[in-house]
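Residue strings, one per chain:
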Amino acid sequence: MKQKISALLFGTALAFCASAAVAQDKNIKIGVLTDNSGLYSDLGGVGSTLAAQMAIEDSGLAAKGWKIDLISADHQNKPDIATTIARQWIDVEKVDILMDVLNSGVGLAVNNVVKEKNSIMINTGAATSDLTNAQCTPNTIHWVYDTYMLANSTGQALVKAGGDTWYFLTADYAFGAALERDTTAVIVKSGGKVLGSVKHPLNSSDFSSFLLQAQASKAKIVGLANAGGDTTNSIKQASEFGIVAGGQKLAGLLLFVTDVHSLGLKVAQGLNFTETFYWDLNDGTRAFSKRFSDRMKNKAQPSMVQAGVYSGLIHYFKTLEAMGGNVHDGAKVVAKMKELPTDDPLFGKGSIRVDGRKLHPAYLFEVKKPEESKGPWDYYKLIGTTPADQAFRPLSESACPLVKK
Amino acid sequence: MQALYAQLLVGLINGSFYALLSLGLAVIFGMLNIINFAHGALYMMGAFCAYFLLNLTGLGYWPALIIAPIVVGIFGMILERTMLQWLAGLDHLYGLLLTFGIALIVQGVFQNYFGSSGLPYAIPDELKGGMNLGFMFLPIYRGWVVVFSLVVCLATWYLIEKTRLGAYLRAATENPTLVRAFGINVPRMITLTYGLGVGLAALAGVLSAPINQVRPLMGADLIIVVFAVVVIGGMGSIMGSIITGFALGVIEGLTKYFYPEASNTVVFVLMVLVLLVKPTGLTGRAA
Amino acid sequence: MSALTDDTLPASPRAVRDEMIVFVIMAALLVIVPWTGIYPFFVMQALCFALLACAFNLLIGYGGLLSFGHAMFLGTAGYLTAHALKVWGLSPELGILFGTAGAAALGVITGYVSIRRQGIYFSMITLALSQLLFFVYLQTPFTHGEDGIQGIPQGYLFGIFNLAKPTTLYYVVLIGFLGGFLVIYRTINSPFGEVLKAIRENEPRAISLGYKTDQYKLLAFILSGTLAGFAGSLKVFVAQNASLTDVHWTMSGEVVLMTLVGGLGTVFGPVVGAFVIIAMQQYLAGFGQWVTVIQGVIFVTCVLTFRRGLIGEIAHFFRRSL
Chain D
86 MKQKISALLF GTALAFCASA AVAQDKNIKI GVLTDNSGLY SDLGGVGSTL AAQMAIEDSG
146 LAAKGWKIDL ISADHQNKPD IATTIARQWI DVEKVDILMD VLNSGVGLAV NNVVKEKNSI
206 MINTGAATSD LTNAQCTPNT IHWVYDTYML ANSTGQALVK AGGDTWYFLT ADYAFGAALE
266 RDTTAVIVKS GGKVLGSVKH PLNSSDFSSF LLQAQASKAK IVGLANAGGD TTNSIKQASE
326 FGIVAGGQKL AGLLLFVTDV HSLGLKVAQG LNFTETFYWD LNDGTRAFSK RFSDRMKNKA
386 QPSMVQAGVY SGLIHYFKTL EAMGGNVHDG AKVVAKMKEL PTDDPLFGKG SIRVDGRKLH
446 PAYLFEVKKP EESKGPWDYY KLIGTTPADQ AFRPLSESAC PLVKK
Chain E
31 MQALYAQLLV GLINGSFYAL LSLGLAVIFG MLNIINFAHG ALYMMGAFCA YFLLNLTGLG
91 YWPALIIAPI VVGIFGMILE RTMLQWLAGL DHLYGLLLTF GIALIVQGVF QNYFGSSGLP
151 YAIPDELKGG MNLGFMFLPI YRGWVVVFSL VVCLATWYLI EKTRLGAYLR AATENPTLVR
211 AFGINVPRMI TLTYGLGVGL AALAGVLSAP INQVRPLMGA DLIIVVFAVV VIGGMGSIMG
271 SIITGFALGV IEGLTKYFYP EASNTVVFVL MVLVLLVKPT GLTGRAA
Chain P
3 MSALTDDTLP ASPRAVRDEM IVFVIMAALL VIVPWTGIYP FFVMQALCFA LLACAFNLLI
63 GYGGLLSFGH AMFLGTAGYL TAHALKVWGL SPELGILFGT AGAAALGVIT GYVSIRRQGI
123 YFSMITLALS QLLFFVYLQT PFTHGEDGIQ GIPQGYLFGI FNLAKPTTLY YVVLIGFLGG
183 FLVIYRTINS PFGEVLKAIR ENEPRAISLG YKTDQYKLLA FILSGTLAGF AGSLKVFVAQ
243 NASLTDVHWT MSGEVVLMTL VGGLGTVFGP VVGAFVIIAM QQYLAGFGQW VTVIQGVIFV
303 TCVLTFRRGL IGEIAHFFRR SL
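As you go down the protein sequences, you meet chains D, E and P in turn.
Count the first sequence with my numbering and you get residues 86 to 490, in order.
Count the second sequence with my numbering and you get residues 31 to 317, in order.
Count the third sequence with my numbering and you get residues 3 to 324, in order.
Don't take each hint at face value.
Stated by the list, open to error - Only part of the chain E face toward chain D is listed, based on derived beta-carbon distances under 8 Å: (1) Asn44; (2) Gly138; (3) Ala152; (4) Leu157; (5) Leu163; (6) Glu291; (7) Thr310.
Calculated from the structure, these hints are not laboratory results.
Every residue gets a Cβ at the ideal spot worked out from N, C-alpha and C, and that includes glycine.
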């Protein structure tokens, strides 16, 4: 009898402990894994950590008894370092969710670790659309943009606006080729024509000869299928060679507000490209960005990568709250996140698709002329919007194993 | 055929950057026996210097052409006084490693303060616009770069090979003890030489600021190419590096016409070939 | 040219005894790592780089040849192993063999080209060759450009050992490292190694004594490249990816840094150096933006104040060979 009672007591105690662990564990640990010191540090970097911090503050979870920790690290754009940090975070530090993880090579590498360890990654920085295509996992959500969307939105909108002949300047590696291929498909589908393309080596300092060829092609649009320093240098030199002044239009296929800021309006004016977030889009984005830039050392406005970190975390917090606690089970949480609709002031209402793709509208912008700009960071004119359901790769074309056909 | 002419001309423009940078490297190697891996970082500093002059003091492009090389040159001389001079007589390797470290520090610090995407710098008003040469559109600024760097290169060559000061310098590297015995302050000359080489890098930086984005990492990858130029030309040979610099620009231009993907790599192919045939480079003295 | 390693003592019985003792201590420390709570993936990665640095040290410390392109071996073997495992589905041992053999073949070709030049020219040729290879790997489809080869299956070594288990993987990597280390140790203490040192000290004299120095140097180069490739193959199992960073020239620079910090031409220096640098990259990652600056400062301090490296200075202080 005595034994029975103690067993019973023990049993209830166990059950109580277990239910406490499952339903009422209110600890969350967030890891922001980004490039703090390299090429992309303006895009993510300390700004991403700040965005995460703001999301934690705005969620109001602390007042409800949640304990949220935030750590961040510099992956130095090296997949090796990134995977080791990610593993250690998940195994030792018990990190629940990895944010940012920009750079495609790094993003894909961490993608595998996160799946293996059943953790969560909300990727807001990597461009590769493979994250939700062939290499999709039940643990990863790709939040902000991808190459397919950029090509699709920019290509479609520009052809519609009369830019029906194109010439590409393509960075000579897989990423550039993918951008060119996807954009070409969209252009042809929309009734435009690609007159030619020239491949340039990665990290070129001089683009004049490629620009001369683009100029000679007489295409209406010169598409820049490159990234980072290659893009900014080619834009700067295009202005020098009078490409835009000569009546041709430049379309950047992967460009961020930080790039425009560093180029200056004089050089960047007239440039077309797609982003999914701009600080001056509406009252919600303006309010957030004001608070963000006040806390940045250099008073920068948030990039879409940083905005994505905020927006992604807000949705993550909402989901955990709806689940009543943190179950520390990546796939389960992600599944729930896909069920719930997303809504935040930065990206508006949206949803997450079964393949992990976050859906929201894509905006085609044109960079203002210097005389149109009212002050620092006032750079864009909105010239077209692609609705959320048309912006991204349709599920029917997806190679993601999670998509049932 | 027209496109080919255009590529050749464009190649010449790039060549002038290579020539200026490799000239500085060659001067430093020839006189100090140091492989200056910090050259790319100092080139970047030159461009940043121009930016600051414009935005903090309002001094435009023309004063920057003179002030930036002096400022960066002084920085270089401080480096030489405080660090590099202790390496005299040691293996080349140590100079290379030390300057590599310096490059990392300088680039890292700039990155911290000015971000990675860079800062804008406009073409000076006097050199805006371009002219139509029939076979291509030539921005006036590019034409200016070629002429100016050619003049600077030749002036440097003249200074070192034809003047009395240059003669002292060359003598000091051959036999420092003897030159000292003649009452010449050799360490000071070496410091000045390093300053000169560094100043040339900064000058190239100012020249490129209106063309390339002023970024902390703008010199990081360029430095490898410029090294190759110096090696092809013959380490330490002044004329060799000038000629090779321009020639390489042209060859790169041709490659861009025939096989653009390889244009960043052709220099290394050339370097291997040259070294296999003529180990000391095209004009190098025997090691 | 003043020697890079100014005071290597001749291999005396005492020196050999000292080195064996240190080796046993090192091996013992490494064996107990999984029970210490140190994160094993960090140690595994450091071991791979330690082997790479040791292979590099064989050339510079004992052959006097500074290779500025050792990343090409690391990366080549990594890509080949990754491809063999992922696409062809080869077993781990065959994958490692394939990768290492590839690096050896690369060593033969590049060695043949570069070994004929000395000093700074040798460094520049190796750099040029590795840049060429970088271009090749950027272009060829099987490497997937900047995305790299991802999600590489770890599989069962010899069909028995499950490499997906961290502890098993750790010991496999450890055995690989110790094996490679002993090969290098054996090499530098063999007659072949003595000739290498002689060439480093005074090549013309070695020639006049009748040694075909080019052949010795070529052999050392191939051996070094092969072992560097072996390290690259092992690393594939740890990182489960192969990417362009491993063939970039900055990686070659890092190897030089590791060896310099530990001590050029010392037996254990590269191992210590690799651990220091890898630990820095991992643990300084949280410091935000200062990683490259700190690396640079270490470079500068090393060159200016303790040129013999950590182990080199200790060995010099105690007049021991380590």
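Going through the hints against the structure:
1. Asn44: Since the shortest Cβ distance to chain D is 5 Å, the answer is holds.
2. Gly138: Cβ of Gly138(E) sits 7 Å from chain D, so the hint holds.
3. Ala152: holds, 6 Å
4. Leu157: violated, 10 Å
5. Leu163: Because about 11 Å separates Leu163(E) from the closest Cβ in chain D, which is outside the 8 Å limit, the hint is violated.
6. Glu291: holds, 5 Å
7. Thr310: violated, 28 Å
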